[in-house]
Amino acid sequence: MSMVRRPGVLRLAPALTVGILLLPIAAGLVGTLLPAFGYLPAIGGRTFNLDGWRRLADYPGFGTSVAITIGTGVLTSALAVILAFGCCASLHDRPWMRRLGAWVAPILSTPHSAIALGLAFLLAPSGWIARALSPWLTGWILPPDVATVGDPAGVALVLGLLLKEVPYLILMIVGALNQVQARAHLAIARALGYGPAEAWLKAILPQIYPQIRLPIYAVIAFSLSVVDVALILGPSNPPPLAVLAVRWFSDADIQFYFPAAAAAILLLLLVIGIIAAWRGFERCAMLVGRRWIARGGRGGIATTAATMATLLFGVTFALSVLAIAGMAVWSVADQWRFPDALPQAWSLANWMRRFDGLAGPAWVTVVVGALATGVALCLVLACLENESRGHRRPGAAALWILYVPLLVPQVAFLFGAQVLLVRMNLDGTLAAVVWAHLIFVLPYLFLSLADPWRAFDPRYAQTAASLGASRMRVFFAVKLPILLRPVLIAGAVAFAVSVGQYLATVFAGNGRVATLTTEAVTLAAGADRRVIGAYAVAQTLFPLIAYVGAVLLPALLFAHRRGLRGHQ
Amino acid sequence: MKQALLAPLHLASVRIDLAGRELIPPLTLDVEPGECATIMGPSGCGKSTLLAFISGTIDPVFRATGRVTIGARDITVLPPEHRHIGIQFQDDLLFPHLSVGDNLAFALPARVRGRSQRRARIEQALAEADLSGFADRDPATLSGGQRARVALMRTLLSEPHVLLLDEPFNKLDAQLRHDFRRFVFEHAADRGLPTLLVTHDATDAQAAGGRVIGLARP
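If you're matching them up, the sequences are chains A and D in order.
For the first sequence, position 542 matches number 1631 in this note's numbering, and the numbering has no gaps at all.
For the second sequence, position 38 matches number 228 in this note's numbering, and the numbering has no gaps at all.
A hint or two may mislead.
[Claimed, not checked] Stretch-level coverage of chain A by chain D, calculated; a stretch enters the list once three of its residues show a Cβ under 8 Å from a Cβ in chain D:
no., segment
1, 1273 to 1284
2, 1288 to 1302
[As the list claims (entries may be wrong)] Derived DEER-like restraints, expressed as beta-carbon distance ranges:
no., chain 1, residue 1, chain 2, residue 2, range
3, D, 250, A, 1361, 45 to 51 Å
4, A, 1558, D, 253, 43 to 49 Å
5, A, 1544, D, 232, 25 to 31 Å
6, D, 326, A, 1377, 16 to 22 Å
7, D, 253, A, 1230, 55 to 61 Å
These are computed hints drawn from the structure, not numbers from a lab.
Please read all numbers here as calculations on a predicted model, not as lab measurements.
Here a beta-carbon is modelled for each residue, glycine too, at the ideal position from N, C-alpha and C.
Hey, can you work out the whole structure from these sequences and the hints?
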């Protein structure tokens, strides 16, 4: 055994990971920025000009499109934050709150588009809610002629986004709670005469806000720039900016690239502006909040408000469950006429018929997801192991780097990245799609694994080393087994993120790589609900299997190791 | 200084079980206003759990029976915020997001209105703790002894009817421990609060000067 330690390849891991995250985004942004100002030699744009912007501004629905984008984005973010805070404020002292993460995980792992498809069916004039109330309450024998999905104001879009964003924020809050002395501080605040919700809002929320700031910004950026949910639930004429940009990018007339790039850059500016405005709002809220706390008021409306928020969250939670259930019922419906609440006849024939069609995209989905997750897992483990070997812990800047892919609107860099892929002759390949997914899979994997990994008691590794184990052996024989559960769960999260990718798949795959998600979104436009149901169920099923596997596998392997539960 | 309710704390057959195992055997106890009774026992004997039961923050994994009354008022099933029971832990638990003054304002009842009047009450409390002029300081910049005194003043400003002390002297070194102990007992006696101390340290119990009830490891 050599006593000299070679400079490990591990040291390269952080730089490699940052490169994989930032280089394509930076290159993609440049590749979108140049055409926005007229420069794209491949299609004849050799001079800088403002034609793209002019054509964007001349689009008849331009003002409305911008207004919808800002309106739905800001409303979704504000409501998501209020519901998540209210829910945590009023439920924090319930014993099952500690397991809330396990409750919302299945919803979080379900792709946005699957939930949006299910919600579209719930809300539609011929949907489940209308069916449940007809004809006995409404008197409808035929579906009414109103637009409840794709309404011009974007209400359905806001609702569809809320179903996923609220559980996401709740999970982030629950994670942040572990970093502060929440229980003890709550006990003190209660002893000083504050009700549970007030105690939480005044004594805990200000402490954890800095840790959920970036997740909130990610919700803002996502709500403003989402494409797949907007295609399914949002208004289409005029659509939100992100959808408009994608529509023009994929127009047969390539001259539309220029206004499309301009729209994408405008969206980027909107995201930056609104996040900056939110930052300003945070400061005001902090000042007002200080006064509110210092007044010492007890028994105010906080409790009532938090209860209302919790009820609303309950409604959104129920809607997400019903949305998936509705898709499942459609997928096995034989005949289901309006206004029957359930199908007249059930059959598996639909699944048999769709099997061949589903198998291809399902296979691609699994392969891409597994490859992206595998690569990301290797990189993240290498980064974390490098960190725990004492090569300095990354600071706040590193956290911002991880969040870049979640803060920059996807359309703003994916188009430019696609141009890059075309030049390298890689567009439309599976490798390109895996690479594009990796950009989004990496941050989530890192964020979910970093905390448990850093909480690992270093004395285990020291003990193993003192017994003569090499660092390699310590890693594989001690750390990985002890941390198997968080590693697998982080992997399941990453896989779910990959399964849900729409825009990244469409752009990197150049429309030639079909996954369950891209197919489902395409079908949304008008296909048979039985077909949509089958795709949405398949979309839901794969991440769920990964998640259940991640929970069950360590439980089975270590069934007789009670001591391991403390680490997991 | 406003006088507290001046009613005794009464525990009637309080018994706490954990998973079918008796943690605290049935305990009946009266603590008179101005008295400081002590419950002594080794760590893990459930002393803190008993205080959590009295203050209403007991973890639901425990099964607790018996009644807690203050004077004629039965508080056994009241939510913690309506019990008027002040509690002091071994950590000062000052809220890190608030200044020293705002930590105290958090506790001061809202019926003390007007910024100047609230400020005056807070300054008065700080003066009592020998910390005049500390209102705008970040709690993190205070010494351990200073923080402990702020924490006690915070509890007292909320005008509790009973004071519970959950090993509050544990983390202080010998000299500080002596000083802070006197500070706490003087203030509690001054306000005529029924006070219940739990500790595993015999000198704490001696300093409290009241009855001592021993608890064994279950």
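Comparing the hints with the structure gives:
Coverage of the segment 1273 to 1284 of chain A by chain D holds [criterion: at least 3 residues with CB-CB distance below 8 Å; count 12]. For a cut-off of 8 Å, the count of residues in the segment 1288 to 1302 of chain A with a CB near a CB of chain D stands at 5, and the three-residue condition holds. The beta-carbon spacing between residue 250/D and residue 1361/A, approximately 46 Å, falls within the hinted interval of 45 to 51 Å. Taking 43 to 49 Å as the suggested C-beta distance range, the pair residue 1558/A and residue 253/D conforms, at roughly 45 Å.
Range check, residue 1544/A to residue 232/D: Cβ separation about 29 Å, and the 25 to 31 Å hint holds. For the pair residue 326/D and residue 1377/A, the beta carbons lie near 19 Å from each other, so the given range of 16 to 22 Å is met. About 57 Å separates the C-beta atoms of residue 253/D and residue 1230/A, a value consistent with the hinted range of 55 to 61 Å.
Taken one by one, the earlier hints all hold for this structure without exception.
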